[in-house]
Amino acid sequence: MTIAEERQAEVGRDRRRKEDARLITGRTMWTDNLALPGMMHLAILRSPMAHARITHIDVTSARGLPGVFDVFTGRDVADMQGLMPCVWPVTEDTVLPDYPPLAINEVRHTGEPVAVVAARDAASALDALEAIDIDYDPLPVVLDMESALADGSPLVHADKGTNKCYTWVLDSAAAGSGGDAAQAAADAEVVVRRRYIQQRLIPAFMEPRSVVVDPTGEQITVWSATQVPHILRLLLAMSTGVAEHKIRVIAPDVGGGFGGKLQVTPEEFIAFAAARRSGRPVKFTETRSEAMLSGHHGRDQIQDVTVSATRDGTVTGISVDLKVNMGAYLGIITPGTPLLGAFMYNGIYRFPAYRFECTGVFTNTTKTDAYRGAGRPEATYAVERIMDDLAAELGMDPLEVRRRNWIEHDQFPYATAAGLTYDSGNYAAATDRAMELFGYDDLRREQRERRESGDPVQLGIGVSTYTEMCGLAPSRILGQLRYAAGGWENASVRMLPTGKVEVVTGTSPHGQGHETAWSQIAADQLGVPFEDVEVLHGDTRTAPKGLDTYGSRSLAVGGIALVNACRRVVDKARPVAAHLLECDPADLEFVDGAFRVKGTPGASKTLADCALAVFTSHDLPDGVESTLDAEATYDPEDFSYPHGTHLCATEVDTETGMVSIRSYVAVDDVGTVINPLIVEGQVHGGVAQGIAQALFEEAVYDEDGNLLTGTFVDYTIPSSADLPTFITDRTETPAPGHPLGAKGVGEAGTIASTPAVVNAVVDALRPLGVSDVRMPCTPERVWRTIQDARNGSSPAPEGGERP
Amino acid sequence: MTRISMTVDGVTYDDDVEPRTLLVHHLRERLGKVGTVVGCDTTNCGSCTVLLGGRGVKSCSVLAVQADGMDVTTVEGLAGADGELHPVQRAFHETHALQCGYCTPGMIMAAVDLLSENPDPTDDEVREGLEGNLCRCTGYQNIVQAVRDAATSMRAGTAATVDAPAQASPAAQTQGVTT
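Protein chains in written order, with our numbering: chain C, 1 to 803; chain R, 1001 to 1179.
If you're looking for bench data, these hints aren't it; they were derived computationally from the structure.
Distance windows between CB atoms, simulated: (1) Glu-589/C with Ser-1153/R: 43 to 53 Å; (2) Arg-1055/R with Met-238/C: 48 to 58 Å; (3) Asn-1118/R with Arg-311/C: 50 to 60 Å; (4) Gly-486/C with Asp-1014/R: 50 to 60 Å; (5) Ser-1153/R with Arg-195/C: 52 to 62 Å; (6) Glu-357/C with Ser-1153/R: 54 to 64 Å; (7) Pro-529/C with Thr-1012/R: 42 to 52 Å; (8) Arg-1055/R with Glu-637/C: 52 to 62 Å; (9) Glu-637/C with Ser-1153/R: 47 to 57 Å; (10) Lys-246/C with Asn-1118/R: 50 to 60 Å.
Looking from chain C toward chain R, a few residues come up when the C-beta cut is under 7 Å (computed): (11) Asp-20; (12) Leu-23; (13) Met-206; (14) Glu-207; (15) Arg-288; (16) Ser-289; (17) Gly-511; (18) Gly-681; (19) Phe-712; (20) Ser-719; (21) Leu-723; (22) Thr-725.
Virtual Cβ for every residue (Gly too), placed ideally from N, Cα, C.
Given these sequences and hints, build the entire structure.
Following this line, the structure appears as structure tokens:
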């Protein structure tokens, strides 16, 4: 067979997704759909206390109930359940408390697992929980970070003698990457100091987590609704002592993650222990309330930020003092999450001096960990808020201050004071385009008119010009930051005898559309039809090597592994094609899926011809292996730096505090786009989650450490009626380090949007004397802020109570 | 145990159920209808939406015994017998109105229900109409577009087959059963 006609490039096409067919017809394989013969269903008894000693547990009557196979406590499995791992102790002296999956003697947050029932069905297991007799001796509770750090505070872990987990410092003067930020502030003409509060958020993926464990003799198969099947397998092995090669982990279809499933969970470990105890398959599926109570949360930081500048608006330094709530225990990357923002507080600006200090604090709350953006939304929020505050201080337009300070297009690659080298970008182009789509000048005019007329509904304009570091991550940098693993990614390509292709990827998608995008990439690289590619993922048996999906890494890192694997396939096919064509391999060119003899039109062999030839292997050249399959592992040289400009116009009713988004423009630069439909979807969803932090969501505890927002009734993720239609566009600055020019996109929208919205709310209210509104900017909070400003009082400090 | 009988996606099932069993659990655990999923425990998320007697309900807010004698359509029964997708399913695919897809079965069923009441909704009417179905991935924009596109194609389809035998859509069928 020969192919003559030119094929259309797949990269850049808005291909409809291959994943959709099963998702829109109800044929999806969610973990909770799985039912195995003889399977036991688990229910977990959880602590109602935020801090207490367990003085007594009696499970005898629960054991005798109908349909109950097994009931066990932490003491029953203490020697086999393992300890929950933290793989990112950020300093040498990071405090690492023991974290048993099932509590043994003490509970440290509400919702902590204390006992487990295994029964014939979920309802019987839940019934039996009520028959467990348990007594607690309450211990003092500490919830607030500053209280926890104060002398004499109750201790979350008494044996550690402190609630401080670590302090980590990055100082550009010490590192040699810039000047002294403290000196810059001392010398400055203008200094702006602000405290911003990053409220606690809950990832709230739509599919509750579920795990099925099937022990079959020595081998154990685990299905889990996880972002990280490879990491789960490794950590189950390392923590429980079960040999790694005996464990198979499968992440089937996974219903969203947003970092919330970048975790190995006590529930997974408990199910693993339950299956090993009984030798039977088990399933545990959490309720939504359990997910909110005991799945990890995100953000929860106090940010004290200082910016120094000259009178003309040129910034001279930035310093950040961060306190981060770890919760009661350390999850997989709890301490490291803020470090992913540590290099980003200087944003897109030429800050000559930078200092960052971060203190992790234990409290009697559910642990925090990665949530979409993980450290970078917080950093971007702080710098974009304070740039607006600086502009207000100087009486300048917020965009003018940014233009004066941002890195110009011709200054890339640019070494920042934080020690990164930004690869590429064009901040002016994205901003100009966003202003045009937004109608910036017209909106500013309308804002003036409304201010002058004293309109009760004020107009605010919010700006966010962001960049971020994604594509996690160069292994050498992870090593320097004391992260326990590398950041490479793996892909392999299997050429089937019929010319069809199986791509095996180590990434583990849960909504991102890798099956579609990877097919497009492989189709272009191999010159095969899009339909002829099948993408396999999420099973440690079929995709044995990988580091999974988070940190906008899959395309930025895994995409390069895939391109390299495809190129190796072509290289392996070349001598086969040359043999079939009876020519020298050097005389062949590979175009559109076929090897052609240069200068001899018509003489060609497709990749499929070569695949069949190696399958039969009847006539191969000497020394050629009977396979075209190839594998590649890629470790990135550097991070990926998408950027963009988001503009938000809010109408704020000064009489009711109601905020409504009038228009939202996002112009993002994520490098070369593989599939514009998917990219736009990622931006929409990301922006929605950032808006949700700005206006709607907050996890709140009462003074006893009970989560008040433990359901979707109280934790108000936005509905379709709460969000506007977004106007999106892109500029395209190809990533120089990526063979396809692609950058990460998964987190960009979330990173950019929160400050755009809050800046718009504050901008609307500045004439009333308001300079900050705490997130989420609910009507009541906005209204109170306005009242406080009118009364000349500073806002009352807010503790855990919900306004 | 209570004896109930219901027709789900065209098949009649007779079962003994505990009176406390929710319809969604009956569908998933007894009938194997796992296309319908559970996303919360407070009836907020709408992931479990099905048509009961032709009207959209959150199947976590209905007891299985309450569905006795009734006709249930889930996302699994929406496509035609020949596998041809329902216009709402097709529009969700075409406009990229799903990412992880977990809310999708409920979202599609809610959209079918919405369009049966309002065949030509505005953007705002779609947004208000789907307020009871939460999605964490898409920001809803493409969902709104999908529903409007489906409305357009369904109106065109209705106009073209106005006198055709009544197997246009399962939604129309189940509505026929109850009215």
